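Listed below, chain by chain, are the residues.
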Amino acid sequence: MLKGKFVYLRMIELADVELTYGWHNDCELQKMTCGPIRVVSKEIEKNWVLSKTTNNGKDIYLSICLNENDKMIGLISINDIDFLNRKCNCGGILIGDKDYRDGVAYRESLKMMRAYVFEQLNMNKLTGKCLESHVLSRADMESAGYKLEGTLRDEVYKNGIFHNVLCYSLLKSEYSEFKSLYDDEDKYLLVFARMVRKIKKELKQ
Amino acid sequence: MDIKEFILKFAEEIEIENQEDLTPDTVFRDLEEWSSLSVMVFIAFADENFGKQIGDKQIAECNTIQDLYNLMKA
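So the protein sequences, as listed, match chains V and U. Letter 203 of the first sequence, counting from 1, is numbered 401 in the numbering used here, and no numbers are missing. Letter 29 of the second sequence, counting from 1, is numbered 31 in the numbering used here, and no numbers are missing.
Isolated chain U (complex conformation):
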């Protein structure tokens, strides 16, 4: 999955209305739709799509969507 596809899937999971505004540099925590529930949704998403078992602490260390993508690819 490349970064473009990742952004689309991320937007779908987090239920972002304005998907077109998202870029790899978007600070996901600043998004209106991002909440504590989003952290859980992303953990489950990472497990299902990338087979990655990540914790909330690892997400806390990320700032941008690119960081999240890199975490998936690491």
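For reference, chain V alone in the conformation it holds in the complex:
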């Protein structure tokens, strides 16, 4: 279990299926992810969760839970773990519970995920991608020291249009450089907030 101030991360469990079923069927929530919007049955969802709970070699799915009452509010994943090349990908983060979309759980979960990837799994490179229009995701990666590797043009068809997908990566050396920033919560919040504002303005132009 990875413990933060506000939330903790634990391996996904079969009992989480009721919540993940609702979130995976929430089109509004899925609108900004890179994956396709697909409705799933409870049976499909159950099999999906079961496959994640019984194998953590290549992909790790972590439930985001509140410290105060253990309530699960979201999900974050580390995917394509490659111990030979010491790299992996953050497949995504989803704050399913609408009451906790103020950014606090989002930022802390990503911070813990990065610490786990670099300080426990001993990875050298973490990748992440998001829709060009996903302000929060871009702001997280750009303020946390990730470098933009490139743009996949018209990569994802969603909501009636094709979207560009931005590909980012963070090396261990860059993570180490930025770690002190993540630990200063007030300073990091300001850097993050400035990035959100900058990206929003860029997208508006």
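Calculated directly from the structure, the hints in this document are not laboratory data. Quick caveat, the model's predicted, so the values are computed rather than measured. We treat Cβ as the ideally placed atom computed from N, Cα and C, and that holds for glycine. Any given hint might turn out to be false.
Unchecked claim - Short derived list, chain U residues pointing at chain V, Cβ under 10 angstroms:
#	residue
1	Ser37
2	Val41
3	Met42
4	Ile45
5	Ala46
6	Phe47
7	Asp49
8	Gln55
9	Gly57
10	Asp58
11	Ala62
Given chain V, work out where chain U should sit, using these hints.
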């Protein structure tokens, strides 16, 4: 910056379409355009325009645009 100018800038930042409907008593959280991203935008706006470093918790304690203005002036 007086409250009138603040409301105009606030509307511009949060991209409020009907600026004329805004008053100091408007509950900003009830605005359709207000979102979790708006909190971040406002934090950056406060820093740039007022040199104020505020947190999301302080914004959570505010209800109206006047409260936000008072936070800037405190």
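Hint check results:
no., hint, verdict
1, Ser37, "holds (8 angstroms)"
2, Val41, "holds (6 angstroms)"
3, Met42, "holds (4 angstroms)"
4, Ile45, "holds (4 angstroms)"
5, Ala46, "holds (4 angstroms)"
6, Phe47, "holds (7 angstroms)"
7, Asp49, "holds (6 angstroms)"
8, Gln55, "holds (6 angstroms)"
9, Gly57, "holds (6 angstroms)"
10, Asp58, "holds (6 angstroms)"
11, Ala62, "holds (7 angstroms)"
Checked against the numbered hints listed earlier, the structure breaks none of them; every hint is satisfied.
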